[in-house]
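Chains as they are written, first to last, in the numbering used here: chain A, 9 to 207; chain B, 766 to 1429; chain C, 818 to 1165.
Calculated from the structure, these hints are not laboratory results. Some hints here could point you the wrong way.
[To be verified] Facing chain C, according to a computed beta carbon distance under 7 Å, are these residues of chain B, among others:
(1) Val1025
(2) Arg1067
(3) Gly1071
(4) Met1112
(5) Arg1133
(6) Pro1134
Using N, Cα and C, we set each Cβ at its ideal position, and we do this for glycine too.
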Amino acid sequence: MSEAMQSAQALPVGSEGKRSGGWWGVLALIVTEGSLFGYLLFTYFYLASQSEQHWPPDGLPVLLMPGVNTLILLASSVFVWACERCIQRRLMRWSLASMALALMLGIGFVVIQLNEWSKLGYDMTSNLYGSLYFTITGFHMLHVIVGLVILMVLLLWLALGYFDHRRYAAVTIGGLYWHFVDAVWLFVFTTLYLTPYLY
Amino acid sequence: MKDVDQSTPDSSLSRVPEVGCAPIGSATERRLAELWESAPGWRGWLSTVDHKTIGMRYLVTAFIFLLMGGVEALIMRLQLARPDQTLLTPEQYSQLFTMHGVTMIFLYSLPILSGFSNYLWPLMLGSRDMAFPRLNALSYWVFLFAGIFLYASFPLGEAPNAGWFNYVPFAGLEYNTGPNIDVYALGMVLLGISTTVGAINFIVTLFRMRAPGMSIDRVPILVWGTLTASVANIFAVPSVSLAFFLLWLDRQVGTHFFDVLNGGKPLLWQHLFWMFGHPWVYAVVLPAMGIVSDALPTFCRRPLVGYSAVALSTMATMLLGFGVWIHHMFATGLPTLALSFFSAASMVISIPSAVAVFAWLATIWLGRPVFNTPFLFFAGFVILFVIGGLSGVMTAAVPLDLQLNETYFVVAHLHYVLLGINVFPVVGGIYYWFPKFFGRMMSETLGKWSFWVMFVGFNLGFFPMHVAGLLGMPRRIYTYAPHMGWTTVNILTSVGSFVFAAGILLFLVNILVSLKRGVPATSNPWDAPTLEWAVPSPPPAYNFAVIPFVASRHPLWEDRLGEGTGRSSLEQGYLLMEGRETIGTTPLDATPDIILKMPDDSYAPFFLGLFSALVFAGLLLHWRDFTLLMAAACSLSLMVWMWPRNALVQRVPDIECDKEAAHV
Amino acid sequence: MNNSESGFRHGVAGHYAFFLCILAAAPASAASSENDVAPLNYFLHSYGPASTPTMVLGWVFAALLIAIFGSIALLLVWAVFRKRPAVDPRSIGREDEGMPWIYIGTGISACILFALAIYALITLNAIANPTHAPALTLTVTGYDWWWKVEYEDDDPTRSFVTANEIHIPVGQPVLVKLKSADVIHAFWVPMLAGKTQMIPGLANQQWIQADVEGLYSGQCTQYCGVQHAHMGLEVVAQSEDEFRTWQDAQRGDAEMTAGINAGKSLFLDRCAGCHAIRGTEAVGAHAPDLTHLNSRRLIAAGLLTNTPDHLAQWITHAQDLKPGARMPSMALTATELNALSAFLSTLN
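Throw the hints in and build the complete structure from the sequences for me.
In structure tokens form, the structure reads like this:
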């Protein structure tokens, strides 16, 4: 008889926070999606380093709006984190408000970026730089939109009273996905907007 | 909405797991069976999440693809048997060799191992199912649909035709206008979804779902092999998915990633492809090596020599496997310094493989071989492994590779490693676990015959390819002139390939005959040591009536392995029957951590798989609205799937549900 | 010593001398023709410093690895069949034993691999660059499914273009620049050097050197489309004088005799869109340069020998001989074909 059997300790049942299967699942998902962005950025650096022409062809990228947008996205992450903290402290109305605000900020990011895209003089078929720029930011945008749907659904579930301080695994899991999307943006932003200033 | 109801009892949120016994035939056991069995008929067929059913589906489907790929090969061997034959047009030949590669490498070699792992992992680990049963079902459906997708244009004579590695610019729109490459590109992205979610499932299952006491150094080597392959896959698959997606964008949207006239680089394709491709080949052999490491000891009547060394060598091989991809690109004009590094790494990677080979040799030497069919396959496997590995050492040397590359020498090498290290262990593994899967033994006579015919046929078919390569015969040529000196080796290879096919046929006949008339099998006909042999053959839907407590690597041999080992508890353990439940444990030490609620059967995985495949069909056919509709359908399916369930305690329990739970 | 012994020794010496003559003669007769066995057999034949170190490396590796395989196979068979003392059939072997197998086996393997790796890297170093500056530079461009060969010169009037057949002076390193006009091809003349990919948009290069006069076959070795199987080339290594003669002849424009006007106008009408002949108005750049067509031994990238019959068959039935090739099967009447053949036969 092993020691494990002797202890008559109560164990949590079901999806309990970071002991849930979903937590591990989203961690693995982040590894694979992170790798995808890694390969995308490798593609960018590989093609840029071998380019015979001036890079970027249309001159250095503008930093103001994208920079502001970055802050908006980061703020959105902060509010998702805040939402979780509120749940832990049983401040359910505050958690709802936090999540709603996070969602608004996320939508703001999308709107601003779409606007920025429309103002660029090139699209993904114009030249190699355009192909790279729109594919990379496009993949990121896709992840943001998926993230927004997740936040929306979490908001709905919160409003329906599905979660409390003992069970809110979906918020933790969905929240982590959103933080990942924001972290990836930092890498994308640095690569596309900041590195051209280095050479 | 209401604030947290303080009166909701916490008992449904945590409890002490009950310990007890549930012998076959007892009321407890029957209750468990009711909980876990799938509905009969097509309902159960579409909605089951039972890992054993899914595993068997993987095995059967992958095997069918093996046969399809094999027929493609045999047709090619007919064409190549003699010089200047015109059985096939060059275009037909191109499609055949491409589809042969695609089928074997993507639709057979990993899925067959997923099949074994899916079926066996929970049984070997002492669990009732995989970590994500519905995700498991999804990974199978997407695999099936992706396989159908990849073959969709074959009947139209528009199969992919640029080789399985699909180099650009030949695979680009300018030189390949038809739908063939688009089928390949989109099909691979779809298949990548299956591979990725399957890999995630294995990783989380390993870390969470083992029986209490099964610490990380007690899991079978097959588990180490599949775990390593799965970790590698989640890092590597995005590279090839991206490569194919970028290619599709270039072809159908007008981007310029591989467009030479606009700054695109053909070498980018090779980098992205091989950064995936090399880890992939280890992913398709390490689990198979694990099969041998687990099954061979049974037939040597002793534990594997050097368990820790073999487990570590598995991980080392996979890790090094990420650092050698340039050896597929030695002839591309890269700087000599870079080539030297990758050449050295490609040699070093044989060292962990040597560890495994000597472990197997030692196990046989120090053991007492039992000469039945599985043992023959595993012993034969060692020979083929060594030949394949050594021919790989030759190609790892850059100057030599500059001659050997793109000749039949590489074809010989890759078939020795792929058939030798994947197919032979797989067939041996089927002979080994067939009694467990179906409750019947396979015929020993037919088995031994099938081994010898396969072994002789394989070597007759593929050994001469080394010679053909050394005589300069390039790959992927649909014919050759009589004066090239390749005629004899080609006729030998063609004959050998048909002999090998006869061996596979014998194996198939054995399966069919044994299913009907095989001797009924007990739960442990081979007197093997691991947990899957503790349950009946075939296993009941719930796997273990009680979750066992494990105290060693070889629970069923403990009574004979000596006083040092612990004593596992197989008859008495966690009952866990308030609905579908199993135990979750800590990653390294496997101490009980949480009671996991397992989902019931669900149609969501089937529908999500179907809608995902239809998204890709829409992209292929340029039907924008249809694609968007299918994408919306996917989101809907996913939401239904992910909706927090009371039964899984993913949300705060309602009062009503508590009353239900009380009746369970 | 008595007579029979010395006679014996003479006999042995005689045989020895005989064998030496055969061995000496063999390399000199390296010229491969259509009847030669295995013209791409780089494993046993090497005729230059770009490939000989590799050939020797190949033998050493092959011999050693075959010996290793033999040892392991022997060990396996021994392990399987060796006699063991009888024990209780239910007993199970002990868990912790056998590690020395792994230590020793892996240790020996690692040492051998290390040595092989060093040797391979030394060989790589030996073949990576020519021993001295190349005497000749030429550019080979891969096309579907033929080879454009350009001999460059500082003086542009002395540069010339040919196809599918490369001539080099014997005993000298030659730099071959590699380009591609369409998809990825690979340049490979196995008895002279390893292969290198020809990648569109990239300028690769390699060097070759033939130390013995003769013909060396080559083959494209990167799948490039339906007729990848029939994209062969030939390298002809000649003495310095013969090479110079050939080069001078190639530099000149086509010398056409009189009385071939019908054929020539047919050519300009039907063929000049793709093919070029220097000295005429034909400047097509999509197909092999035909200025000195008759100086080449093979046509259609190594598919056929260059005889009037084969040429006529190629012109009218290209798609039957090499289905999918860019050369169409030209529909010509018998008269037209005769006129064209007469014209082409003047392109020496």
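Sort out which numbered hints this structure fails and list those numbers smallest first.
none
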